[in-house]
Every structure is written in C-alpha cells, then in structure tokens.
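Construct the complete structure from the given sequences, taking the supplied hints into account.
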Amino acid sequence: MKIHEYQGKELFRNAGIPVPNGFPAFSIEEAVEVYKKLETDKVVVKAQIHAGGRGKGGGVKLAIGPEEVQKYADNIFGMNLITHQTGPEGKCVQRLLIEEASDIARELYAGIVLDRSSGKFVFMVSYEGGVEIEKVAAESPEKIIKEWIEPNDDLKQFQARKLAFALGLSGVQIKHAVKTFLSLWKFFKSYDCSLMEINPLVVTNSDEIIALDSKINFDDNALYRHKDIQEMRDLSEEEPSEVEADSFNLNYIKLDGNVGCMVNGAGLAMGTMDIIKLYGGEPANFLDVGGVANAKTVAHGFKIILSDPNVKSILINIFGGIVRCDRVAQGVIDALAHMEVTIPVVIRLEGTNAIEARNLLKDAEHNFIVANSLADAAEKAVKATGEKI
Amino acid sequence: MSILINNETKLVVQGITGKEGAFHAQQMVAYGTQVVAGVTPGKGGQKDNNGIPIFNTVENAVSETDANASVIFVPPPFAADACLEAIDAGINLIVCITEGIPIMDMVPVKEALDNSHTRMIGPNCPGIITPGECKIGIMPDFIHKAHGNVGVISRSGTLTYEAVHQLTEQGIGQSTCIGIGGDPIIGTTFIDLLSLFKDDSQTDGVVMIGEIGGSAEEDAAQWIQNNNFDKSVVAFIAGQTAPPGRRMGHAGAIIAGGKGTASDKIESLRNAGITVCDSPADIGKTMANSLQSKLTT
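Chains as they are written, first to last, in the working numbering: chain A, 80 to 468; chain B, 2 to 298.
These are computed hints drawn from the structure, not numbers from a lab. Take these hints with a grain of salt, some might be off.
Claimed, not checked - According to the in silico footprint, chain B covers these stretches of chain A (three or more CB under 8 Å from chain B):
(1) 348-358
(2) 391-405
(3) 450-461
Predicted model only: the values in this text are computed from it and were never measured. By construction, the Cβ of each residue, glycine as well, lies at the ideal position given by its N, Cα and C atoms.
As structure tokens, this is what we get:
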C-alpha cells in the first residue's frame with residue numbers, strides 16, 4: 080500500500096525524523112490558509128499523487144506570498160499530472176502539500192529496500208540526490224553506498240556513521256545524519272514497510288538534515304497489524320475497477336488491451352496474458368480468481384471485466400486441481416444466466432473433471448466458444464475480438 | 002532416484018486441524034505420503050480423521066514419530082513462527098504453503114535457515130512432489146507421471162500444473178516437481194534445486210518456470226553456465242506483458258525500478274544457452290524435442 084507524501088511526513092514528524100513544516104490542502108482557499116498558518120515567506124506547493132517525478136511534470140512550485148500560492152494552487156489542483164511513474168494517462172491532482180521552503184545546501188538520497196538474494200534489508204544512500212535514482216543505479220552504481228541490516232538486529236550506529244561519512248558530511252552534519260538514518264530504519268521496521276525512499280534528503284545551510292520527500296510503500300501482508308496505516312488509504316488514487324475487485328477478494332489489474340481474461344493462479348494469469356499477445360491480441364487485464372472459482376466469484380469477475388468498454392472478448396482459462404472444472408463450468412453457466420454478456424466468451428478448462436465440464440458447456444444455453452488447449456484458447460479469443468455473437 | 006523427498010519421507014503437518022491442513026493431510030495420505038504426525042498447539046493427544054496422532058509441538062512430533070519433513074498450513078500471522086519451530090526441532094525439509102506472510106517476519110526465518118541444516122520450500126507455494134512416491138503440498142497429483150526423467154522448478158502454482166500436464170501429455174514423466182513460491186524471500190531458489198538435479202542420475206532434463214521480479218532467473222542462468230550443467234533445460238518466464246510497478250498477484254512478481262523484467266530474464270537465459278519458450282503452451286513439446294535431440298547427438 081502507498082500513502083501520500085504529506086501523510087508520510089506526518090508519520091516522520093511523529094517519529095522524530097526532521098521534515099519541513101507543512102500541512103495538506105484540499106482546496107485553493109485552504110492552500111492560502113495553510114500559507115498564513117506557516118508564518119513564513121517562501122513555501123513549496125506540491126501536488127500529492129502516488130507517483131514520483133512530480134517536479135518535472137509541473138506539480139511542484141516555489142511560491143512567495145499568498146498571491147503566488149493561490150496562483151499555483153489554482154494551476155495544480157485538478158491538473159492531470161503526467162510523470163515517468165504515472166504512465167501516459169497521468170493522474171488527477173486532488174490534494175496539495177504546502178510546506179516551508181528549505182534552505183538547501185546539498186541534495187542527497189536515502190532509501191531502504193529488500194535485497195531479495197540475501198534476504199536482508201539494505202540501507203542505501205547516494206550523494207546524487209534529487210534525480211532519478213534508477214538512472215544513477217544504472218549508470219554509475221558506485222555512487223550508491225549500501226549497508227546491509229542484519230536479521231534480528233537494527234541498523235548499527237557505526238553503519239549509519241559509515242554512510243554519513245561516505246556522503247561527504249562533516250561536523251555536526253554527521254551527528255544529525257546518523258540520528259536520522261537510525262530513526263528511518265526504526266520507522267521502516269516498526270511500520271512493516273516494504274520500500275522507503277527519501278529523494279531528496281537535504282543538508283541545509285545551517286547543517287540540518289531534512290527529509291524533503293517521503294516515498295513509503297507498506298507490506299500489504301502486514302497491514303493487518305497497522306490499522307492506522309490502513310486508514311490512510313486514498314481510494315481515489317486507485318483504479319475504481321481495481322478497488323471494486325479488491326472488495327470481492329479478486330486480484331485484478333486493468334490494462335489497455337481488448338481481450339479480457341479470467342484465470343486461476345497468478346502465474347497462469349500472467350502466462351495467459353502473454354499468450355494472448357503472442358497470438359496478436361492485447362490483454363485487457365490481469366485477473367486471478369484464486370482457488371475458489373465458483374458462480375459468485377465468476378460473476379464478480381465478469382462484472383469487473385465488462386466494466387471496461389475496450390473488452391471485445393473474454394478468455395476464461397482454468398486449470399482445475401483441487402477446484403473441479405465441472406463446478407467452475409457450472410459457475411460460469413449460472414453467472415451468465417443472470418447477466419447479459421454480448422461479447423464472445425472463450426473457455427478453456429483443463430485438469431480435474433475437464434471432460435464433464437466441456438459437456439456441460441456444450442449443452443448450455445449460452446453460446447460459449449470451447450477451446451481444447453491453451454494455444455487454441457488464445458487463438459480463438461483473439462479472433463473473437465472481431466466477432467459479434 | 003528423485004530429489005529431497007521419496008517414499009521413505011515421514012511428514013508432520015503443522016496446522017493439521019485447520020480447514021486447509023485437514024483437507025490436504027487427507028489428500029496426501031490418499032496419495033501414499035507417510036503422514037506420521039500433526040501439530041496443533043493445545044490439541045496434543047488427539048487424533049485426526051485419518052488416525053494421525055496430533056502433538057502440541059513439532060519437537061514432540063519428531064521425537065515420537067521420527068518425522069523428517071514438515072508441511073505448514075498455518076495462517077499468515079503465525080506462519081513464520083511455525084517455520085522457526087520446525088527449524089528448531091531439526092526437521093530436514095519444511096514445505097511452507099501459507100501465502101501472505103509479512104516480509105519482516107520472513108527475514109529472521111531466512112537467517113535461521115541459513116544457520117541450520119534445514120531446507121525450506123516456499124512460502125506461498127504449491128509444494129513438492131515425487132510422483133508415485135510422495136506428495137507434500139496442494140498440487141493435483143493425477144496430472145503427474147511417475148518415475149520420469151524430467152524435474153520441474155517453478156515460482157508459480159497453476160502454471161506449474163500446466164507445464165506438468167503438458168509433459169505428461171508428451172509421455173514424459175517427472176522425477177521431482179517443486180513450486181518454490183511467489184514471495185520475495187523464499188527458502189529454496191532455482192540454483193539450490195538445479196544443483197540437486199545435477200547430481201540426480203534419474204533426471205535428464207529440467208523445466209524452469211520463472212516470472213517477473215527479482216533476479217533469481219538471471220542468477221540461475223549464470224550458475225548453469227558456470228557449472229557445466231549438461232542436462233536439457235527448458236524455461237518459460239511469465240509476465241512478458243506485465244506493466245512495471247504493479248504486483249502481479251504474487252508478492253514477489255513486480256518490476257521495480259526497471260529491474261526484474263521478463264525480457265531481461267529471457268535474454269540472460271538464452272545467453273546461457275537455455276531454450277526459452279515464448280509461449281506457455283509449448284513447454285512440454287519443447288522439452289520433448291530437447292530430450293530427443295540429446296539422444297540423437
């Protein structure tokens with residue numbers, strides 16, 4: 080799960096991690112009010128969306144005086160912000176963060192990620208802050224300095240010190256950086272984060288270390304023990320059909336193609352998307368209906384797939400193991416008896432009771448296109464996008 | 002031969018009285034797996050529907066029944082602790098089926114595994130099967146063909162069944178099939194299993210099913226190249242059409258910061274001389290051809 084920058088900074092502030100003074104604004108008027116409350120001259124007006132690269136996209140502006148705050152808030156509110164992380168469709172800005180501008184001497188980077196091959200978390204810093212860290216990692220990996228955190232342990236003082244010195248900090252800056260790094264790790268651990276990036280982490284002209292950004296991802300599997308974080312979820316940042324699918328416990332991701340797919344299992348669902356592409360089509364979605372493909376889950380699956388007007392055919396691909404294919408087939412038949420589906424439905428069922436399932440589909444009222452293999456199913460589903468039933 | 006499990010493996014089921022645990026314990030018994038014990042804290046002294054004795058701790062189960070393998074069907078908040086308990090009890094092989102264990106809980110488990118003789122398959126996996134001998138997991142067993150010469154290693158569940166089904170349709174039996182799990186931290190990697198298959202005289206070929214996220218496939222490609230692995234290897238990588246930055250069902254299936262794409266993995270594997278199928282429908286056929294061409298050369 081992701082949260083907004085202003086929410087992350089609020090959490091940081093409470094955890095003793097230095098951030099600029101600032102408050103969120105949900106309207107232009109509120110932006111001006113926040114400006115007055117901050118009692119400062121220069122502020123930064125920042126678009127709050129769940130993606131990075133906002134500055135380049137025009138979603139971050141330095142403002143002096145209430146008129147400029149009003150002007151930029153007006154510009155940014157409701158704008159469709161396109162960054163390298165939003166994709167070409169962009170994201171509509173509905174929240175702003177107004178915060179005190181910092182007196183920046185240097186821009187650094189700090190992040191914590193999981194190193195999958197060692198199974199340990201790694202604390203990373205770079206003196207190339209404020210730019211796309213992916214680029215730094217790809218072009219000059221030596222500019223990223225890493226310290227691995229031992230399991231059952233915390234980031235050690237000496238490790239934080241090593242990182243601070245490697246960044247070229249000195250004097251009181253070291254003390255501040257060490258304290259901040261230790262606090263960042265404690266925060267990361269106590270909130271079950273899966274990724275954290277502070278880009279930039281700045282050194283001010285008065286030697287303070289301040290987190291100017293906060294990108295935090297929380298481990299979805301651990302959210303059950305963080306009710307406060309769950310409450311920060313902003314559903315408007317998510318695709319509505321994905322939110323709906325989530326409420327049915329379906330794993331759905333909307334894509335741009337025209338062949339809808341409904342599959343049991345994540346790997347097979349990805350494989351099905353891939354084979355649709357291989358046969359000249361484009362998958363419209365990822366949908367894993369999980370182990371229980373009954374009439375109810377199938378009906379919900381149809382509803383969500385059909386909410387996408389681009390979908391011209393549907394491919395159902397189920398490999399029955401514990402779940403019996405004839406039960407799935409009956410589920411599909413029952414679901415379609417209660418809804419109007421006017422686009423072709425191709426079904427491929429393999430595994431437990433597959434033959435019984437095919438017979439059920441043949442005798443059904445709905446005109447299914449029954450496929451005999453995975454390749455056959457993909458070919459038929461792609462071909463069917465040009466057909467009416 | 003086979004790897005890791007055979008008809009002598011003695012299994013304890015952790016979480017045997019839960020819905021999933023009870024159902025699959027029954028299925029494993031029906032397949033012929035020696036299920037010798039169950040563990041549910043507080044239900045020690047009872048027996049399950051198959052007459053399997055239940056213990057309060059894994060330690061008790063091991064000392065009373067000589068169990069050497071464990072399968073975990075414990076809910077996510079308690080699963081990591083169940084893994085640690087099995088490691089502490091000296092179990093040789095843990096198969097953790099549970100999906101949804103927090104990463105922060107898995108880090109110490111991985112550490113404990115590294116400091117013990119215990120091997121763990123999973124978590125978030127369908128398990129392991131040596132067809133005709135022993136099944137530890139939730140896979141549909143009837144799709145397998147016993148005493149075969151091809152091993153299967155996969156990060157997926159149903160896509161593994163798809164591959165096994167295709168092999169069986171080609172008349173190719175399997176030595177051992179392992180679902181290694183879809184999480185970012187897993188106990189056993191492609192490389193661990195490739196090195197076991199390398200020494201298994203029964204296995205002539207290995208199917209590798211990878212997916213987006215992480216670098217396990219690239220690492221395996223490197224390993225194959227460096228270790229003169231001369232058995233047939235056929236691979237498929239799921240997620241060629243997956244968008245970046247999105248978690249595709251599995252917690253570990255995500256392209257992050259431009260890393261972990263299917264195309265990078267496919268390129269690494271092909272550079273190592275491994276046959277990679279573009280289509281998931283061609284896995285069985287491709288392995289059949291590969292084994293055939295090995296015979297004729």
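Each hint tested on the structure:
1. For the region 348-358 of chain A, the proposed coverage by chain B is satisfied: 10 residues have a C-beta within less than 8 Å of a C-beta in that chain, meeting the threshold of three.
2. With 4 residues having a beta carbon nearer than 8 Å to a beta carbon of chain B, the region 391-405 of chain A meets the requirement of three or more and the stated coverage holds.
3. Only residues whose beta carbon comes within less than 8 Å of a beta carbon in chain B count, and the region 450-461 of chain A has 4; three or more means the coverage holds.
Violated hints for the displayed structure: none, as all numbered hints are satisfied.
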